[in-house]
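Number of protein chains: 2
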Amino acid sequence: MQKQENPTYLKAITIRDPSDIHTIKEDIKKEMILILRVTPLAQKDVDKLRKVVEELYTIAKNSNADIARLGEERIIVTPPGVKIWKPDYDLK
Amino acid sequence: MQKQENPTYLKAITIRDPSDIHTIKEDIKKEMILILRVTPLAQKDVDKLRKVVEELYTIAKNSNADIARLGEERIIVTPPGVKIWKPDYDLK
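So the sequences go chain by chain: A and B.
Its first residue numbered 27, the first sequence is counted upward by one per residue in our numbering.
Its first residue numbered 27, the second sequence is counted upward by one per residue in our numbering.
Simulated from the structure, these hints should not be mistaken for laboratory data.
Some clues are possibly wrong.
Any copy will do: because identical chains look the same in the list, a pair fits if it lies in one copy or spans two.
20 Å max Cα-Cα, derived PhoX-like pairs, lysine-lysine [stated by the list, open to error]: (1) K74 <-> K109; (2) K112 <-> K56; (3) K37 <-> K109; (4) K55 <-> K109; (5) K109 <-> K56; (6) K87 <-> K55; (7) K55 <-> K70; (8) K74 <-> K56; (9) K87 <-> K56; (10) K87 <-> K51; (11) K70 <-> K37; (12) K112 <-> K77; (13) K112 <-> K70; (14) K56 <-> K77; (15) K77 <-> K109; (16) K74 <-> K37.
Taking the hints into account, I'd like the entire structure generated from these sequences.
So this is what it looks like as structure tokens:
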């Protein structure tokens, strides 16, 4: 659970390279809310994108984080204290 | 501040009509994190979009909520306990 005295941060960033996953992992550990734009990587290398997305889902699962797609361009990852509202699993 | 025992919800929805602002206002009061897609309204009526965005900024200000643009398509609104990370005010 997040600390009451500190705000939770929402960070919107772009994944340009698979190596960006390290920083993202740290941010997930810090219980940040992440909105990750994946389109530049998708345009560069679809296989790398697939691996990054799989890794994100694994990290999220292991961190009790919630994860969902936001349209075609982005992925949302939220810490244990924040749940993604999925009325019909369509976030588009 | 949000209650420790209840999760904060992140809700991603599309604004299709200015009347949607009523529900959004309620959600901001409930301290939800909102990701609002504005493109359908932008395509329909740019003036209505401008008014809706102005209203959102006013509601956010009055609710101590944080607000920021996310690319061309979306607007993020966060409750007082969640701050939007703006390293250079460029969330694109």
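Each hint tested on the structure:
1. K74 <-> K109: Result: close neither inside a copy nor across copies, 27 Å intra and 31 Å inter.
2. K112 <-> K56: between (24 Å within a copy, 17 Å between copies)
3. K37 <-> K109: Result: close both inside a copy and across copies, 16 Å intra and 9 Å inter.
4. K55 <-> K109: both (16 Å within a copy, 17 Å between copies)
5. K109 <-> K56: both (16 Å within a copy, 14 Å between copies)
6. K87 <-> K55: within (12 Å within a copy, 30 Å between copies)
7. K55 <-> K70: neither (28 Å within a copy, 41 Å between copies)
8. K74 <-> K56: Neither: 25 Å inside a copy, 39 Å across copies.
9. K87 <-> K56: Within one copy only: 15 Å inside, 27 Å across.
10. K87 <-> K51: For K87 and K51, only the intra-copy Cα distance (12 Å) is at most 20 Å; the inter-copy one is 32 Å.
11. K70 <-> K37: For K70 and K37, the Cα distance exceeds 20 Å both inside one copy (23 Å) and across copies (30 Å).
12. K112 <-> K77: Neither way: K112 and K77 sit 24 Å apart in one copy and 28 Å across, limit 20 Å.
13. K112 <-> K70: neither (30 Å within a copy, 26 Å between copies)
14. K56 <-> K77: neither (23 Å within a copy, 37 Å between copies)
15. K77 <-> K109: neither (24 Å within a copy, 30 Å between copies)
16. K74 <-> K37: neither (22 Å within a copy, 29 Å between copies)
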